Amino acid sequence: MKTVLERAFELARTGGFQKIRELRRRLQEEGYNSSQIEGPVLMQQLREMSKAARAARNALTLEHCEKR
7 MKTVLERAFE
17 LARTGGFQKI
27 RELRRRLQEE
37 GYNSSQIEGP
47 VLMQQLREMS
57 KAARAARNAL
67 TLEHCEKR
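To convert, note that position 21 of the sequence shown is 27 in my numbering; the numbers rise steadily by one, no gaps.
No lab work stands behind these hints: they were computed from the structure. The model shown is predicted, which means the values in this text are computed figures rather than measured ones. There are no misleading hints in this set.
Distance windows between CB atoms, simulated: (1) A65 to G37: 30 to 40 Å; (2) E12 to A58: 17 to 27 Å; (3) A65 to N39: 29 to 39 Å.
Below, computed lysine to aspartate or glutamate pairings styled on EDC-like, alpha-carbon distance capped at 16 Å: (4) K57 to E28; (5) K8 to E35; (6) K25 to E44; (7) K57 to E16; (8) K8 to E36; (9) K25 to E54.
From the three backbone atoms N, C-alpha and C, an ideal C-beta is built for every residue, glycine too.
Construct all of the structure, not just a fragment, from the sequences and the given hints.
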(Lines of atoms letter the chains of each structure in order from A and count residues from 1; the text may use other names and numbers.)
(Lines give C-alpha, C1' and ligand atoms only; values in the text may rest on other atoms or scores of the structure.)
Protein backbone atom coordinates (compact mmCIF):
# COMPACT_ATOMS: atom_id res chain seq x y z
CA MET A 1 0.00 0.00 0.00
CA LYS A 2 1.21 3.49 -0.82
CA THR A 3 1.73 6.13 1.81
CA VAL A 4 -0.96 8.75 2.24
CA LEU A 5 1.37 11.39 0.77
CA GLU A 6 2.11 9.28 -2.32
CA ARG A 7 -1.58 8.73 -2.89
CA ALA A 8 -2.40 12.40 -2.29
CA PHE A 9 0.08 13.44 -4.99
CA GLU A 10 -1.31 10.80 -7.36
CA LEU A 11 -4.81 12.09 -6.84
CA ALA A 12 -3.72 15.71 -7.27
CA ARG A 13 -2.07 14.80 -10.59
CA THR A 14 -5.45 13.67 -11.92
CA GLY A 15 -6.82 17.19 -11.62
CA GLY A 16 -10.06 15.75 -10.35
CA PHE A 17 -10.20 17.75 -7.14
CA GLN A 18 -10.96 21.47 -6.93
CA LYS A 19 -10.65 21.58 -3.15
CA ILE A 20 -8.22 19.89 -0.77
CA ARG A 21 -11.15 18.74 1.36
CA GLU A 22 -12.42 16.74 -1.64
CA LEU A 23 -9.01 15.09 -1.97
CA ARG A 24 -8.95 14.36 1.76
CA ARG A 25 -12.42 12.82 1.56
CA ARG A 26 -11.27 10.56 -1.27
CA LEU A 27 -8.24 9.48 0.75
CA GLN A 28 -10.49 8.59 3.70
CA GLU A 29 -12.82 6.64 1.40
CA GLU A 30 -9.79 4.66 0.26
CA GLY A 31 -8.83 3.87 3.86
CA TYR A 32 -6.06 6.43 4.34
CA ASN A 33 -5.66 8.68 7.38
CA SER A 34 -5.86 12.13 5.82
CA SER A 35 -4.70 13.92 8.98
CA GLN A 36 -1.16 13.83 7.54
CA ILE A 37 -2.30 16.12 4.74
CA GLU A 38 -1.56 19.40 6.45
CA GLY A 39 0.76 22.38 6.32
CA PRO A 40 0.78 25.37 4.01
CA VAL A 41 3.56 24.16 1.72
CA LEU A 42 2.03 20.74 1.12
CA MET A 43 -1.42 22.23 0.60
CA GLN A 44 -0.04 24.68 -1.95
CA GLN A 45 1.83 21.90 -3.78
CA LEU A 46 -1.32 19.80 -4.03
CA ARG A 47 -3.44 22.76 -5.15
CA GLU A 48 -0.94 23.78 -7.83
CA MET A 49 -0.51 20.23 -9.05
CA SER A 50 -4.25 19.71 -9.35
CA LYS A 51 -4.74 23.08 -11.04
CA ALA A 52 -1.99 22.32 -13.58
CA ALA A 53 -3.51 18.92 -14.33
CA ARG A 54 -6.93 20.50 -14.93
CA ALA A 55 -5.40 23.16 -17.17
CA ALA A 56 -3.56 20.53 -19.21
CA ARG A 57 -6.69 18.43 -19.53
CA ASN A 58 -8.73 21.48 -20.59
CA ALA A 59 -6.09 22.45 -23.17
CA LEU A 60 -6.20 18.96 -24.67
CA THR A 61 -9.98 19.05 -24.78
CA LEU A 62 -9.96 22.46 -26.45
CA GLU A 63 -7.33 21.32 -28.96
CA HIS A 64 -9.38 18.24 -29.76
CA CYS A 65 -12.53 20.33 -30.27
CA GLU A 66 -10.71 22.78 -32.55
CA LYS A 67 -9.50 19.96 -34.80
CA ARG A 68 -13.08 18.90 -35.54
